[in-house]
Every structure is written in structure tokens, then in C-alpha cells.
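Participant: Sequence order for the protein chains is A and B. Residue numbers for the first sequence follow numbering that gives the first Met the number 0, beginning at 0 and rising by one. Residue numbers for the second sequence follow numbering that gives the first Met the number 0, beginning at 0 and rising by one.
Since the hints were made in silico from the structure, they are not lab data. Please note that the accuracy of each hint is not assured.
As the list makes no split between identical chains, a pair holds if one copy fits it or if it spans any two.
[To be verified] Result set (BS3-like, lysine-lysine): computed pairs, CA atoms no more than 27 Å apart in a straight line:
1) Lys10 with Lys111
2) Lys258 with Lys199
3) Lys208 with Lys258
4) Lys144 with Lys111
5) Lys10 with Lys310
6) Lys167 with Lys144
Number of protein chains: 2
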Amino acid sequence: MQNSNQRLLLKARPEGIAGPEHFEEDVQPVRMPGPGELLLESVYISIDPAMRVWVSENPGYVPPVEIGTPMRAGGIGRVLVSEDPAFQVGDFVNARLGWQTHPTVRASDSQKLDLSVGSPQDWIGPLGTTALTAYFGLFDVGAAKPGETVLVSAAAGGVGQMAAQMAKIHGCRVVGIAGGPEKCAYLKDTLGLDAVIDYKAGDLEDAYKATMPDGCDVFFDNVGGEQLDLALASLRENGRVAICGRISQTAAGELYGVKNLGLLIGKRARIQGFIVFDFNARYPEARAWIAEQLKTGSLQQRLHILDGLTKAPEGLQMLFEGGNQGKLVVQVAEE
Amino acid sequence: MQNSNQRLLLKARPEGIAGPEHFEEDVQPVRMPGPGELLLESVYISIDPAMRVWVSENPGYVPPVEIGTPMRAGGIGRVLVSEDPAFQVGDFVNARLGWQTHPTVRASDSQKLDLSVGSPQDWIGPLGTTALTAYFGLFDVGAAKPGETVLVSAAAGGVGQMAAQMAKIHGCRVVGIAGGPEKCAYLKDTLGLDAVIDYKAGDLEDAYKATMPDGCDVFFDNVGGEQLDLALASLRENGRVAICGRISQTAAGELYGVKNLGLLIGKRARIQGFIVFDFNARYPEARAWIAEQLKTGSLQQRLHILDGLTKAPEGLQMLFEGGNQGKLVVQVAEE
Numbered sequence: 000m001q002n003s004n005q006r007l008l009l010k011a012r013p014e015g016i017a018g019p020e021h022f023e024e025d026v027q028p029v030r031m032p033g034p035g036e037l038l039l040e041s042v043y044i045s046i047d048p049a050m051r052v053w054v055s056e057n058p059g060y061v062p063p064v065e066i067g068t069p070m071r072a073g074g075i076g077r078v079l080v081s082e083d084p085a086f087q088v089g090d091f092v093n094a095r096l097g098w099q100t101h102p103t104v105r106a107s108d109s110q111k112l113d114l115s116v117g118s119p120q121d122w123i124g125p126l127g128t129t130a131l132t133a134y135f136g137l138f139d140v141g142a143a144k145p146g147e148t149v150l151v152s153a154a155a156g157g158v159g160q161m162a163a164q165m166a167k168i169h170g171c172r173v174v175g176i177a178g179g180p181e182k183c184a185y186l187k188d189t190l191g192l193d194a195v196i197d198y199k200a201g202d203l204e205d206a207y208k209a210t211m212p213d214g215c216d217v218f219f220d221n222v223g224g225e226q227l228d229l230a231l232a233s234l235r236e237n238g239r240v241a242i243c244g245r246i247s248q249t250a251a252g253e254l255y256g257v258k259n260l261g262l263l264i265g266k267r268a269r270i271q272g273f274i275v276f277d278f279n280a281r282y283p284e285a286r287a288w289i290a291e292q293l294k295t296g297s298l299q300q301r302l303h304i305l306d307g308l309t310k311a312p313e314g315l316q317m318l319f320e321g322g323n324q325g326k327l328v329v330q331v332a333e334e
Numbered sequence: 000m001q002n003s004n005q006r007l008l009l010k011a012r013p014e015g016i017a018g019p020e021h022f023e024e025d026v027q028p029v030r031m032p033g034p035g036e037l038l039l040e041s042v043y044i045s046i047d048p049a050m051r052v053w054v055s056e057n058p059g060y061v062p063p064v065e066i067g068t069p070m071r072a073g074g075i076g077r078v079l080v081s082e083d084p085a086f087q088v089g090d091f092v093n094a095r096l097g098w099q100t101h102p103t104v105r106a107s108d109s110q111k112l113d114l115s116v117g118s119p120q121d122w123i124g125p126l127g128t129t130a131l132t133a134y135f136g137l138f139d140v141g142a143a144k145p146g147e148t149v150l151v152s153a154a155a156g157g158v159g160q161m162a163a164q165m166a167k168i169h170g171c172r173v174v175g176i177a178g179g180p181e182k183c184a185y186l187k188d189t190l191g192l193d194a195v196i197d198y199k200a201g202d203l204e205d206a207y208k209a210t211m212p213d214g215c216d217v218f219f220d221n222v223g224g225e226q227l228d229l230a231l232a233s234l235r236e237n238g239r240v241a242i243c244g245r246i247s248q249t250a251a252g253e254l255y256g257v258k259n260l261g262l263l264i265g266k267r268a269r270i271q272g273f274i275v276f277d278f279n280a281r282y283p284e285a286r287a288w289i290a291e292q293l294k295t296g297s298l299q300q301r302l303h304i305l306d307g308l309t310k311a312p313e314g315l316q317m318l319f320e321g322g323n324q325g326k327l328v329v330q331v332a333e334e
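All chains, please: the whole structure from these sequences, using the hints.
Facilitator: What follows is the structure, given as C-alpha cells:
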């Protein structure tokens, strides 16, 4: 039986990009669960752009992670000890693990995985929050319709690759933005997007015009800044922007000033921000659709897996430096 | 019988604010109407912010006004000669007059005024497009609900004063932004707004916080730029911005860069542009509601009336310099 819980605590609030220097390790005895609690072994921990917001002074929609406490994180764990009759030892659960190897969590906050739908790795990947974010952002907030042109920023990232594939499955023309030839080749050759923009190569405005001569109907935005500004210019009448993230701005020294908002008037266009948790009640609907696509092989999730809990801080840094190839996950233990 | 038609033609496309130097006068014989046409005497011509967009190279949602043609304008005219059985001599009509004293127009583009609902002056004012813009922007695009806080920019302007009053009638807490003590006093004392911000006096961000300590639910924006940027910061969860105009940006040398778009994510907030003409089919519904408010005296429209067609260009300039007190109208002939 495991006796110790390795944790990574927030040491200091980052000014710019968060990285290893903002976290410190400690080891505590595991806390045995009380009634209604579970002791888990962390298996996969998700590394998400929202984490940079959670460690800021005032995230707004959730409380900040306090200094000296484990970094907040969702993930997949295995039940080691259960004090809730609904969970058995060996069950896999989706839970608020935090950056720790052996968290003790409330059973009521944890969801038992249905392994007939997908493996634990599927559940951190295409059945996880990242994919759900893509689903609701694309179909509800962006209201993408078959035949429309959908532009996706950070299209090789966790949410982006799912949004781009979902739009393709839905019958949209899909243009993806990513940084560097490797990511762009992945989008074009592996995911089959209709066109790709490498934001690190050449003039961005020219690339928008070349790949979307008639503009775009939906922009699924994970990046913000200039990519958003140019998309406003590209938007067609009644266009929609789903703002999912703003990774270019999260750690920017100075925020980019978006100049094209006035164009929304004549275009009757809208920009809508969203948080996936608001769609909580409809996760089963989304997962049923996703599971169908997984079965037919039309949807895939490329994971970028880092090995061991202590890699989490550099994973977070990698995310903001654009170094990851697909959705970032830390594997803490074997399935 | 009138034989000559005085016109003001677009002479040059303005770079900045449009004014008298961009127009030139000419006099033509009136053109007698053919079948399905009307010869009108212009009575009231509306001066609107959208005109600055219409004279630009590429307005986007309508064709540009061509150089050497009469400036495009809507207004109220009196029928002098009718070649359409649905219109009688002496009828008042809402029509695309242009900047001319005696336009010949298509009857099918003209609406006969129901003078039992309001006078010709009411029809250029609270029953006109300006008021309809306020109605649909506030209730449909902004989706304002009783008890919510509604912020209105250019609140002493044509659309703004209507939006602000409509929000009050609807049971909202209303904060208006205007420039200078006279306009602010009008908003507070005459229209009874809950709070007023003079954007020409003191720190704007402080004023937003002082008048909306809990933020705003709806921003009805006629101005854009900094006022919009600060409103994004002020927006509450699920807040809505109806972008109606951007008068601060229309003739700006350099466009203002809006930095707070990323806040839309956590706030689940939206920005929506709109054009009143899209609500065409629902004008009767809006006018019925407005007529009801006019009868009870709870809604009023302050008009800023300039005398004579040749005043139109300086009216347009006044609009962009913020010199008007209420909705700008040029009176071309007596009712």
C-alpha cells in the first residue's frame, strides 16, 4: 500500500509564462479517505491553458490556486481506497486530482469512467474536457453548419485538433492555424484539413486571404491577439467567433489591441466567450457523438505524453511556448 | 408648382470627419415621376452616423455613395405628384430622399405615414429608424431584462437617448455616457437616468467603477474604442454588448486597439453587431410599443433641428464632433 503522496505546490505567481520555477515539490503521507471520499492513484493529469489563469491573482470565474497548495488539475485516477459505495477499488475515475500522485478526493466530485466507451487514455483524450470544449464551442457557441468555412487557431493543440476534426466530420471547409511545418503537415496530411496557415511563416494577413478568399463563417479561437483581429476582418456576414482561449495573450507583456471590432456591425457578426463547465448537463450527449466518431475512426486525438508528475511544470511552460504536439498529458502511473 | 430641385452632391471622399468641403450644391429641373414613382418635397432629412460609412470607399453592407451623386439620406417628404394609386398628393411618406429638396423616388421604396400614430416630426424622431435601432439593439441584440444594469454610450445622441429611455421603461438601471455637463444634465434631469458619465471629465475607468460598482449586464455601444474596452472589463457574467455604432472610430486617424476581449471567456459574454434593416419585418411591433410610450409621455425624442438643406454637411460634421444635442435633423420645408 502506498503511504506517501508526492505533490507539486504553487510557490509563486508567475508574471509571464509559468514554468518549473513557480512550483515546488513536497511529499506528504497519504490522507486516508473519510466517508464519501476516495484515495486515488493519479494515472493521467491534463495540462491545460486555463491553468495559467488559475494561478493568477484573480481568475474571475474560479478561485485562484493559493500559494503553498497543490496545483489544480483534472485527470484520470485509479481508486485505491473507497469510502463511497458507488466506487470500487480499481475503478478509473475522472477527478480533480491536482498535481499529486495520491490525492484524496470527494467521491461526489468524481465520475466513474465507462470503459466500454473508451480506454482511460481515451477519457483523458477525445472523451475528456478538452474534446468537450471543442464540441460545445464549435456546435453551440460557433453554431457551425455544414458547408461553412471554419477557421481554427492553435489547430494542432488539444482543443484545436478536436474542433478542426469535428468541423470536418460536420461537413465544413476547415482551415487550421498552427506554428511550424511539423504541426502544419500533421493538420494537412493526418487530419485532412482543407488548408493550413503557418503563423510563423510569411505574412499572416496574406495567408488568411489566400486560404479563405471568401472569408470564414466561424472562427474557433484559442489564441486571441492578431489572429483574432485578422479573423474579424475575414468574417462573413452573420459570422461567429467562439472565444475559447487566448494563449497568445495569457502571458503577454502587453496585451494586443484588437482594431477590427467595428466591422462586426456591418457583418452582423458576434463574438461569444464560453466555459465548457456551463455545458455540464449535456456532456453525455457530446460523449455519445464523440464515441461514435471514435468507433468509425473518423476522430482521433494526438496526445503529447510527458512521463512523471515532476514533468508537469515544464509541460505547462511547453504549452505556452508552443512546443507540444497535440494535447498535453502527464502520465503519473501505468494504466 | 416647384420646377427646380436643389441637391448636395458628394464631391470627395473624406479621410477624417466629413464636412462641408466634401459636398457641392447644384440645382436641376425636377424630374417628373414616371409610372410607380412619386415627386416629393423633402420636409425632414435625417443626419445619421452611418452616413460617414456610406461615403467611404467600401462600406461593406451597402454600395458606397458615388462621387457626383446626391448624398444618400432617409427622411420624411410630402407627395407633390403621384404616379402610384396608393399615394395621394399631400401624403407624408418615409422615403430615401437623399440630400435634395425635390427628389423623385420609387413609390415601392416609400412608406405612407400613419398620422394617427404620430406627427411627421414624430416619424422622423421616435417612430423613425433611429428609435427602431434602439429598440432592436436593446431588446433583441442586447436582450436587456428588467432589473439589469444597462450602459449606453453616446446616450444623449439620437439612438442613445432612445435606448436609454427604453431601458428605463423596461425596468433596468441605466447609466449613460455623454460629453459635457449640458448633455449629462439632460440625461440625469430630463430623462431620469440612474447615473451619468461625462467622458470629457475625469478618469473614465474610475467613472465606470463609481457608477457601476457591480458591473453592467448590457452595453449598448454607439461609440467603440476606449468606452467599449472599459465596458468589457465592467461586463458581468453572461453580459451582452450590442454594437450599434463606433462614432469614436469612424474618422479616427488610428483605430483604438481593444485589449479586454480575453475577458469575454470567463464572463461567458458576447459582442454582437447589428443593422436595423434586418429587423424590417418587425418594425410594426416596435412602432406599436413606441407609440404606446409616446401616448403615456414616458418616451420623448429630443431633436436637434437645422434649418435648410444646405446645413446638412455641417450637421454631419457636428455629429462627429459631438456638437449636437439629440437626434440631428435637417428641416427642408414646413410640415
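Participant: Does each hint hold? Answer for all of them.
Facilitator: Status of each hint after checking the structure:
Taking the shortest Cα distances, Lys10 and Lys111 never come within 27 Å of each other, neither inside one copy (32 Å) nor across copies (72 Å). In this assembly of identical chains, Lys258 and Lys199 lie within 27 Å of each other by CA distance both inside one copy and across copies; the values are 21 Å within and 23 Å between. Taking identical chains as interchangeable, the C-alpha atoms of Lys208 and Lys258 lie at most 27 Å apart whether they share a chain (18 Å) or sit on different chains (24 Å). Within a single copy, Lys144 and Lys111 get their C-alpha atoms no closer than 33 Å, and across copies no closer than 40 Å, so neither meets the 27 Å cut-off.
In this assembly of identical chains, the alpha carbons of Lys10 and Lys310 lie at most 27 Å apart only when taken from the same copy (16 Å versus 67 Å across copies). Taking the shortest Cα distances, Lys167 and Lys144 sit within 27 Å of each other inside one copy (11 Å), while across copies they are farther apart (38 Å).
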